[in-house]
Amino acid sequence: MNPLTGYLLVAALLFSIGLAGALTRRNAILVLIGIELMLNAANLNLIAFWRYGPHPEALTGMMFAIFSIAVAAAEAAVGLGLVISIHRHAHTTDLDAMNRMRG
Amino acid sequence: MSVVFYLLAALTVAGGLAAVMLKNTVHCALALTVAFAGLALFFLDLDAQFAGFAQILVYIGAVAILVVFAILLTKGSETPKEGVYSRNWLAGLAIAAGVFAVLGWAVLQSARVLPGPEGTPTATPVVTVLDIGHALMGRYVLPLEIVALLLTAALIGAVIVAMHEKEGAK
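Chains as they are written, first to last, in this note's numbering: chain A, 90 to 192; chain B, 41 to 210.
Note that these hints are calculated values from the structure, not bench results.
Some hints could be false.
[Stated by the list, open to error] Quick list of the computed label-pair ranges, beta carbon to beta carbon: (1) A:M190 x B:E185: 32 to 42 Å; (2) A:H144 x B:L189: 42 to 52 Å; (3) A:H144 x B:K63: 42 to 52 Å; (4) A:M190 x B:H174: 41 to 51 Å; (5) B:A188 x A:D185: 18 to 28 Å; (6) B:M177 x A:L184: 35 to 45 Å; (7) B:A193 x A:H178: 17 to 27 Å; (8) B:F93 x A:A147: 15 to 25 Å; (9) B:A188 x A:L184: 26 to 36 Å; (10) A:H144 x B:G173: 13 to 23 Å; (11) B:F109 x A:P143: 19 to 29 Å; (12) B:S150 x A:A147: 20 to 30 Å; (13) A:M190 x B:G173: 17 to 27 Å.
[What the hints assert, rightly or not] Covered stretches of chain B, as calculated for chain A (at least 3 residues, CB under 8 Å): (14) 66–73; (15) 89–95.
[Claimed, not checked] Looking from chain A toward chain B, a few residues come up when the C-beta cut is under 10 Å (computed): (16) L102; (17) I106; (18) G107; (19) L112; (20) T113; (21) N116; (22) L126; (23) W139; (24) G150; (25) I158; (26) A159; (27) A163; (28) E164; (29) G170; (30) M190.
Every value quoted in this text rests on a predicted model; they were computed, and no experiment measured them.
Note that beta-carbon positions come from the ideal geometry of N, C-alpha and C, so glycine has one too.
Model the full structure from these sequences, guided by the hints.
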């Protein structure tokens, strides 16, 4: 098997696991964990294409992955801050219980 | 495909599965750390040393700790009586399975045209941290500045959103 195919399949599997977690879990923090897994799967794709691409010395995929890691860190900080804020307001992190936007 | 690849794939996928399936939220955060570590090892295996160590520092060092803090601050480790899965979990599972089927089909169909064919191992790219630093300070300096601004704005925003309100707070 082509080595790149293996990495792409692992990344697709990890992305689907993260998507399943984000869609099926009830706790808001677990949904964020699923989103983090999806972002990481995308990073694995970027690095694998950089490694097996025709011009690895151009560093394009590597730079994309590094910037993606930084953006994901910002996303995690804001997301968890929102969860803490909602918990203080509604005393729950259960997404099925959060069914109104008015406090 | 080497033995290392299969070991890392098993570790990462097992960590990811445990992170979304375990009942106790703290256990989920620990399993998420295992998945992040597996991905960092994948990056090192792919000769991307800088990205691998950035993954360890940012994800295992910061994001996992942040998730654990959020779980403990929201008492999220208590398993709810109604179960941990949402009401429409079956639809979510079906959507995820469909997405994986489409992605896997696309990858397998395009295996012939992907770079790096079997039997001709591509030469290990020699990329030092010095090269990455030169690229970050040269060609990619504008994205770097924008990311710095984004991180500052995100951190200030996160602190403001999560901060106690003085009046009205109980």
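Status of the hints after comparison with the structure:
At about 35 Å, the beta-carbon gap between M190 of chain A and E185 of chain B stays in the expected band of 32 to 42 Å. As the Cβ distance of H144 of chain A to L189 of chain B is approximately 30 Å, the hint placing it in 42 to 52 Å is violated. Taking the beta carbon of each, H144 of chain A and K63 of chain B are about 47 Å apart, inside 42 to 52 Å as hinted. At roughly 48 Å, the beta carbons of M190 of chain A and H174 of chain B sit within the given window of 41 to 51 Å.
For the hinted restraint 18 to 28 Å between A188 of chain B and D185 of chain A, the CB-CB distance of approximately 38 Å leaves it violated. Checked against the hint of 35 to 45 Å, the pair M177 of chain B and L184 of chain A passes, with Cβ atoms roughly 43 Å apart. Taking the beta carbon of each, A193 of chain B and H178 of chain A are about 23 Å apart, inside 17 to 27 Å as hinted. Checked against the hint of 15 to 25 Å, the pair F93 of chain B and A147 of chain A passes, with Cβ atoms roughly 21 Å apart.
Checking the proposed 26 to 36 Å range against A188 of chain B and L184 of chain A shows it holds: the Cβ atoms sit about 33 Å from each other. The given range of 13 to 23 Å is respected by H144 of chain A and G173 of chain B, whose C-beta atoms sit roughly 19 Å from each other. Restraint check, F109 of chain B to P143 of chain A: a C-beta distance of roughly 43 Å breaks the suggested window 19 to 29 Å. At roughly 22 Å, the beta carbons of S150 of chain B and A147 of chain A sit within the given window of 20 to 30 Å.
In this structure the supplied range 17 to 27 Å is violated for M190 of chain A paired with G173 of chain B, their Cβ-Cβ distance being about 46 Å. Remark: the stretch 66–73 of chain B is confirmed as covered by chain A, as 3 of its residues place a Cβ nearer than 8 Å to a Cβ of that chain, reaching the required three. For the stretch 89–95 of chain B, the stated coverage by chain A holds: 4 residues have a C-beta nearer than 8 Å to a C-beta of that chain, and at least 3 were required. Proximity of L102 of chain A to chain B holds as hinted, the smallest CB-CB distance being about 6 Å (cut-off 10 Å).
Against a cut-off of 10 Å between C-beta atoms, the interface hint on I106 of chain A holds, since the closest Cβ of chain B lies about 4 Å away. Contact between G107 of chain A and chain B, as hinted, is supported at the beta carbon level, the nearest pair being about 7 Å apart and thus within 10 Å. Below 10 Å, beta-carbon pairs count as interface contacts, and L112 of chain A has one with chain B at about 3 Å; its hint therefore holds. A least Cβ separation of about 4 Å between T113 of chain A and chain B falls short of the 10 Å threshold, and the interface hint therefore holds.
Using the Cβ-Cβ criterion of 10 Å, the hint placing N116 of chain A at the interface with chain B is satisfied: the shortest such distance is roughly 6 Å. A least Cβ separation of about 5 Å between L126 of chain A and chain B falls short of the 10 Å threshold, and the interface hint therefore holds. Among the interface hints, the one on W139 of chain A holds; its C-beta lies about 7 Å from the nearest C-beta in chain B, closer than the 10 Å criterion. Against a cut-off of 10 Å between C-beta atoms, the interface hint on G150 of chain A holds, since the closest Cβ of chain B lies about 9 Å away.
Contact between I158 of chain A and chain B, as hinted, is supported at the beta carbon level, the nearest pair being about 5 Å apart and thus within 10 Å. The beta carbon of A159 of chain A is positioned within 10 Å of a beta carbon in chain B (closest approach about 5 Å), and the interface hint is therefore held. Look at A163 of chain A: its Cβ gets to within about 4 Å of chain B, closer than 10 Å, so that hint holds up. At its closest, the beta carbon of E164 of chain A sits 8 Å from a beta carbon of chain B; the interface hint therefore holds under the 10 Å criterion.
Interface hint at G170 of chain A: satisfied, since its Cβ lies 4 Å from the closest Cβ of chain B, which is below the 10 Å cut-off. Using the Cβ-Cβ criterion of 10 Å, the hint placing M190 of chain A at the interface with chain B is not satisfied: the shortest such distance is roughly 16 Å.
Going down the numbered hints, you'll see the structure goes against 2, 5, 11, 13 and 30, while the others check out.
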